[in-house]
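Line by line, the protein sequences are chains A and B.
Letter 122 of the first sequence, counting from 1, is numbered 121 in numbering that gives the first Met the number 0, and no numbers are missing.
Letter 45 of the second sequence, counting from 1, is numbered 44 in numbering that gives the first Met the number 0, and no numbers are missing.
Simulated from the structure, these hints should not be mistaken for laboratory data.
Since no wrong hints were added, every one of them can be taken at face value.
Far from chain B by the CB rule (all over 12 Å, computed), these chain A residues:
| # | residue |
| --- | --- |
| 1 | 105 |
| 2 | 196 |
| 3 | 295 |
| 4 | 355 |
Here are a few chain A residues that face chain B, going by a calculated C-beta distance under 8 Å:
| # | residue |
| --- | --- |
| 5 | 51 |
| 6 | 165 |
| 7 | 176 |
| 8 | 177 |
| 9 | 402 |
| 10 | 415 |
| 11 | 416 |
| 12 | 423 |
| 13 | 427 |
| 14 | 431 |
| 15 | 456 |
Below, a list of computed lysine-lysine pairs in the DSBU-like style, where the Cα atoms sit at most 35 Å apart:
| # | chain 1 | residue 1 | chain 2 | residue 2 |
| --- | --- | --- | --- | --- |
| 16 | A | 384 | B | 123 |
| 17 | B | 123 | A | 224 |
| 18 | A | 247 | A | 296 |
| 19 | A | 247 | A | 384 |
| 20 | A | 224 | A | 296 |
| 21 | A | 247 | A | 288 |
Only a predicted model underlies this, so the values are computations on that prediction, with no experimental measurement involved.
For glycine and all other residues, C-beta sits at the position ideal for the given N, C-alpha and C.
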Amino acid sequence: MLEGLLIGLQTALSLQNLLMVIGGCLIGTFIGMLPGLGPMSIIAIMIPVAITMGDPSAALILLAGVYYGAIFGGSTSSILLNAPGVAGTVASSFDGYPMARQGKAGKALTVAAIASFAGGSIGALLLMVFAPALSSVALLFHSAEYFALMVVGLSAIAAFAGTGQVAKALMMTVLGLIMATVGEGALFNLPRFTMGVMDLQSGFGFITLAMAMFALPEALFLVLKPRSAQASGDGEIKDLRISRDEAKAIAPVIGRQSLQGFFIGVLPGAGATIASFLGYAVERNIASKAEQDEFGKGSIKGLAAPESANNAACTGSFVPLLTLGIPGSGTTAILLGALIALNVTPGPRLMVDDPQIFWAVIMSMFIGNLVLLILNLPLIPYIAKVLSIPRNYLIPFILFFTLMGAYIGQNNATELLLLVGFGICATALKFADYPLAPLLIGFILGGMMEDNFARSMQLYDGIAFIWERPMTLGLLVVALVLVVLPSYRARRAKNRAEGVADGD
Amino acid sequence: MALDRWIALILLGICLIYGYAAWFTMDGGLAPFMRRNPIWPSTFPKVLSVMGVVASTIILLGLEKTTAKEAEIDYRRLGDYHLGQALFLLALMVAYALCLRPLGFLLSTSAFLMLGSFILGERKWLVMVPIALIATTVVWYLVQQVLGIYMRPFPGFWGG
Numbered sequence: 000m001l002e003g004l005l006i007g008l009q010t011a012l013s014l015q016n017l018l019m020v021i022g023g024c025l026i027g028t029f030i031g032m033l034p035g036l037g038p039m040s041i042i043a044i045m046i047p048v049a050i051t052m053g054d055p056s057a058a059l060i061l062l063a064g065v066y067y068g069a070i071f072g073g074s075t076s077s078i079l080l081n082a083p084g085v086a087g088t089v090a091s092s093f094d095g096y097p098m099a100r101q102g103k104a105g106k107a108l109t110v111a112a113i114a115s116f117a118g119g120s121i122g123a124l125l126l127m128v129f130a131p132a133l134s135s136v137a138l139l140f141h142s143a144e145y146f147a148l149m150v151v152g153l154s155a156i157a158a159f160a161g162t163g164q165v166a167k168a169l170m171m172t173v174l175g176l177i178m179a180t181v182g183e184g185a186l187f188n189l190p191r192f193t194m195g196v197m198d199l200q201s202g203f204g205f206i207t208l209a210m211a212m213f214a215l216p217e218a219l220f221l222v223l224k225p226r227s228a229q230a231s232g233d234g235e236i237k238d239l240r241i242s243r244d245e246a247k248a249i250a251p252v253i254g255r256q257s258l259q260g261f262f263i264g265v266l267p268g269a270g271a272t273i274a275s276f277l278g279y280a281v282e283r284n285i286a287s288k289a290e291q292d293e294f295g296k297g298s299i300k301g302l303a304a305p306e307s308a309n310n311a312a313c314t315g316s317f318v319p320l321l322t323l324g325i326p327g328s329g330t331t332a333i334l335l336g337a338l339i340a341l342n343v344t345p346g347p348r349l350m351v352d353d354p355q356i357f358w359a360v361i362m363s364m365f366i367g368n369l370v371l372l373i374l375n376l377p378l379i380p381y382i383a384k385v386l387s388i389p390r391n392y393l394i395p396f397i398l399f400f401t402l403m404g405a406y407i408g409q410n411n412a413t414e415l416l417l418l419v420g421f422g423i424c425a426t427a428l429k430f431a432d433y434p435l436a437p438l439l440i441g442f443i444l445g446g447m448m449e450d451n452f453a454r455s456m457q458l459y460d461g462i463a464f465i466w467e468r469p470m471t472l473g474l475l476v477v478a479l480v481l482v483v484l485p486s487y488r489a490r491r492a493k494n495r496a497e498g499v500a501d502g503d
Numbered sequence: 000m001a002l003d004r005w006i007a008l009i010l011l012g013i014c015l016i017y018g019y020a021a022w023f024t025m026d027g028g029l030a031p032f033m034r035r036n037p038i039w040p041s042t043f044p045k046v047l048s049v050m051g052v053v054a055s056t057i058i059l060l061g062l063e064k065t066t067a068k069e070a071e072i073d074y075r076r077l078g079d080y081h082l083g084q085a086l087f088l089l090a091l092m093v094a095y096a097l098c099l100r101p102l103g104f105l106l107s108t109s110a111f112l113m114l115g116s117f118i119l120g121e122r123k124w125l126v127m128v129p130i131a132l133i134a135t136t137v138v139w140y141l142v143q144q145v146l147g148i149y150m151r152p153f154p155g156f157w158g159g
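Based on the provided sequences and hints, a complete structural model is requested.
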């Protein structure tokens, strides 16, 4: 492990990769701040750049930096404008915005920055411990288990989709899997479902689909309904210091929520959003009576909890990606797609075959969190100015980068028409409240899933692998329970609050 | 019928067509030696089509209880939003896709950026034009010179 750490440190500290971390964090913070643009859109737009760089470590470092930078930046607009840029930071506005309205915006931003820093760093530390352990277990897995694991992952994503949304999430996953079967599979060398169209021979482009699913609908929503964001107070951000007592009060919160957030992030389907809401709820429940009344009115504990939880969860979501090669969220699915395009297959072999990538990413997370802390504490009043970029200029640029991303990837103008077409479909789906992330996850996992399924079918000459391998059977049962249980429970608790899972 | 159920109906149709192709037409062209294989190219699609039909039927019939929640945009009142702007921007994107090759990158992109902000209601040409031109040149330089991806800068008849 020490050797790995040193390799990672060496790679991460190279000038190019340092620039990547800083650049990624900056871009993430800036765009994460803009209300309405989530990390998935930004990462989708950044992918062509990352892929053309050609160096997988640098690409992953850049994209990971953009990811946690966006979560970091999202909290700024939550606090200052009550307009969260990212779903994962909605909970931060519960207490952050009241604090800003009381004229304590500076203090709120400091608490958020420190909590995010601690959450991200503790998360990276846990990632360092758990990822190698999990990947040594994962080396025992056969293709049958891999197939079953992917089924579990996909059904968990559907199961966490929220009340009354399970069937929709399932439908979107299946649609993603169906789209993945279009084109020529590696296994059969036979074009399938191309309807004789030559352009479909190689299947749908993953970048085009990612852009069409996230960046384009979000931009169109911004056009349709301009967010009315009002700055709190006089917009002046001052007095960034927190007192010793306040530091003492939030320290245990940060510790607990970093741990909890990380483990929630590891679960497929439960990302930064769920972690932050759950973190907020847990801290409110265990706080003393006097402190409980503070929650929602500007409690620093209520701000620190979701902030550390969402950053830790965002790091935690790298565990299944790096050790199993199975993304648990839309964002990590996009990262997986980028890695595959760079000819790196994440999974248990990653640590053995490309240790420099694995460790460099983890090391870069520490550096990135430090960069974000430095960036956020003194510079935040200036960075917050980005919130005043007029939307008349912003939206054409977002659309342009979306188009450019799809064009650079394929160098084909037909791809742009496909992008617009899929984008319109995705917007319609978004209107009808269909979750879009499962579609992309299904699309990316589809090929791998079918390969593993086919391999186990061939090894066992039929579907006997399901009952002859107890672990596969166990995993498939878990998957079934995951899908059936929430709809059963939803029937019993109809009046429960609406689901909150989307957007990461 | 609500929009989500209309969409479920469309998806059901897609799944049925897909399923028909997988169950009945795909195996026809299969080579005889591949028939001995336990898995055919159509096996996985067959499973998917069944799952898709089941899931879309559940949504279509409303078997799963949904809690009505306030959507960010109510599609029933689309006219209340800036629908015209959104449609114009989509048309502009299509036009951009068609013009990118024939007109070259620099011309089509700067036109796209200017018209985009024009559609959104910007009228300060003195700000718009320089921003569009500078941004276009910078992006072209980055893509062409730094990333090394060829993009024709000028219209085709100009050469290049």
